[in-house]
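Engineer: Place chain B on chain A using the hints.
This is what each chain is made of:
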Amino acid sequence: MGLLSKKDAALIKDPLADNNPITIQVLGICSALAITAELEAAIVMSVSVLFVLGIGNVVISLMRNIIPSKIRIIVQLIVVAALVIIVDQVLKAFAYELSKTLSVFVGLIITNCIIMGRFEAFALGNGPWRSFLDGIGNSLGYGVILIIVAFFRELLGAGTLLGIKVLGDPIEKTGVYKYGYENNGFMLLAPMALIVVGIIIWVQRTRNKALIED
Amino acid sequence: MSKKTDSNLYTILFAIAMVIVVGGLLAFTASALRPRIDNNERLEKQQNILYAMGVNANDESSAIFVSTKEAPELFSKYITKQLVIQGDNVTEDPEAYLIDVKKEQTSAKAGNERRLPLFVGTKDGKTFYIAPIRGKGLWDAIWAYVAMDSNMVVQGAYFDHKGETAGLGANIKQRYFMDDFIGESLMSNGSFKGITVAKGNNDPKNLEKNDNEVDAIAGATITGDGVSAMLKSELRQYVPYFKTLK
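Just so you know, the sequences run in chain order A and B. Numbered by my numbering, the letters in the first sequence go through residues 1 to 214 in order. Numbered by my numbering, the letters in the second sequence go through residues 1 to 246 in order.
Just chain A, with the same shape it has in the complex:
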């Protein structure tokens, strides 16, 4: 990468693989369970988190030298809440349809542990540009897992992808349903998200033994 130094590039790449916020740091699990029943919701959530974490990290990083350490968590919370509410209001005024899709996620974004985690662990101790890269990297790492989980849950649970019936119609018995295939409704329930995340963690640690803790 010519644009970024090696150290900066690592800020983007690491969270995508060996320092993934969900599978390694185990942050943001709650939303990974809640909104991965559908691919579309997972993509929307990933983009929202990308936006909030990128900007939030920069804001916190700019304020890092003036934030009193005693109330820093509250300050972080206010920054992310204000950011999310302003974005929500602007969308409601100028892109109403989109805001309706997103409104469900507003509460989930504010309470997303990844956001508070990155503010606390990175933005408070690093400059704005590096914090921005860190925010982008971590939200991409989060998004990748969300999309993988949602892909399997929607495909196996509802037989659709992005709402399109890719496997045929289960009621009219077309496509694979003709041969007796049935959707696994259990995939749509929260426990299966946990199991899919668990499988990803397993695969990842089998491939890279250094990640296994004693």
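It should be emphasised that the hints constitute simulated quantities derived from the structure, not laboratory data. Treat the hints with caution; some may be incorrect.
Reference excerpt, derived from the structure (chain B facing chain A, CB under 10 Å, subset only) [said to hold, decoys possible]:
| id | residue |
| --- | --- |
| 1 | Met18 |
| 2 | Val22 |
| 3 | Gln174 |
| 4 | Ala229 |
The list that follows gives simulated cross-link-like pairs (lysine to aspartate or glutamate, EDC-like), each with its CA atoms no further than 16 Å apart [unchecked claim]:
| id | chain 1 | residue 1 | chain 2 | residue 2 |
| --- | --- | --- | --- | --- |
| 5 | B | Lys162 | A | Glu120 |
| 6 | B | Lys81 | B | Asp93 |
| 7 | A | Lys92 | B | Asp38 |
| 8 | A | Lys70 | A | Glu120 |
| 9 | A | Lys100 | B | Asp140 |
| 10 | A | Lys70 | B | Asp6 |
Partial chain B-side listing against chain A, Cβ under 10 Å, derived [stated by the list, open to error]:
| id | residue |
| --- | --- |
| 11 | Thr5 |
| 12 | Arg34 |
| 13 | Glu41 |
| 14 | Gly163 |
| 15 | Thr165 |
Yeah, the Cβ is synthetic: ideal placement off N, Cα and C, and Gly gets one too.
Structural biologist: This is chain B only, laid out in the frame that chain A set:
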């Protein structure tokens, strides 16, 4: 050595400044955007009401409203009367669709007589009675616009929600769920029964229209129960008015 940002005075001043700045910013955004947001909400109500009576831009499988540009014109074209029912009193009010159902529910709880809005629409010679209703889902509010004929047989419905789970409860606003209500009767042998969102329904294609049941969404039991409860408690209040139509 303690930093200057560790002192109590600094912390308190910082907190005060932060509250003023953020509070001001939020208040400014909210009031500056209020008129636009109100207008968007008004258009959405018109789109919802029109959707319920079958004036929409649906394609094969997804629910699509008429455009916001056309909505006001189509609304005045198709909605012939807007009624407010308060006890035996029925009055016309051209702004009845702006009545806040949530506020009416709260004021009814305080002992006031509830104002029930009902929109009368005509399309292709058929008369629709559209009622706005509101209830509770799993996480937050759910609401609906239900279009009925004069016998309280559902002719169309639009459901929406504030925060049901994506992929599960949120699917109440999908065509496959909403369209199931079309043709279902809210009455059974002359008395009001409502429509139950039933699990273990033996009729997943919903061919039987006189069973007061539609098929539930797997994994969305509480949202479905919320829909049943909302239909039952809210639409029951319209029964006296529908009796006067006969």
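Engineer: Each hint should be assessed against the structure and marked as holding or not.
Structural biologist: Hint check results:
1. Met18: 6 Å, holds
2. Val22: Hint holds; B/Val22 Cβ to chain A Cβ min 5 Å, cut 10 Å.
3. Gln174: This interface hint holds because 9 Å falls under the 10 Å limit.
4. Ala229: Where the cut-off is 10 Å and the nearest Cβ of chain A is about 21 Å from B/Ala229, the hint is violated.
5. B/Lys162 with A/Glu120: The hint is violated at about 31 Å.
6. B/Lys81 with B/Asp93: 8 Å, holds
7. A/Lys92 with B/Asp38: 9 Å, holds
8. A/Lys70 with A/Glu120: Judged against 16 Å, a Cα distance of about 13 Å means the pair holds.
9. A/Lys100 with B/Asp140: 14 Å, holds
10. A/Lys70 with B/Asp6: 7 Å, holds
11. Thr5: 5 Å, holds
12. Arg34: 9 Å, holds
13. Glu41: 8 Å, holds
14. Gly163: The hint holds - B/Gly163 has a Cβ within 10 Å of chain A, the shortest such distance being about 5 Å.
15. Thr165: Check passed: Cβ of B/Thr165 comes within 7 Å of chain A, closer than 10 Å.
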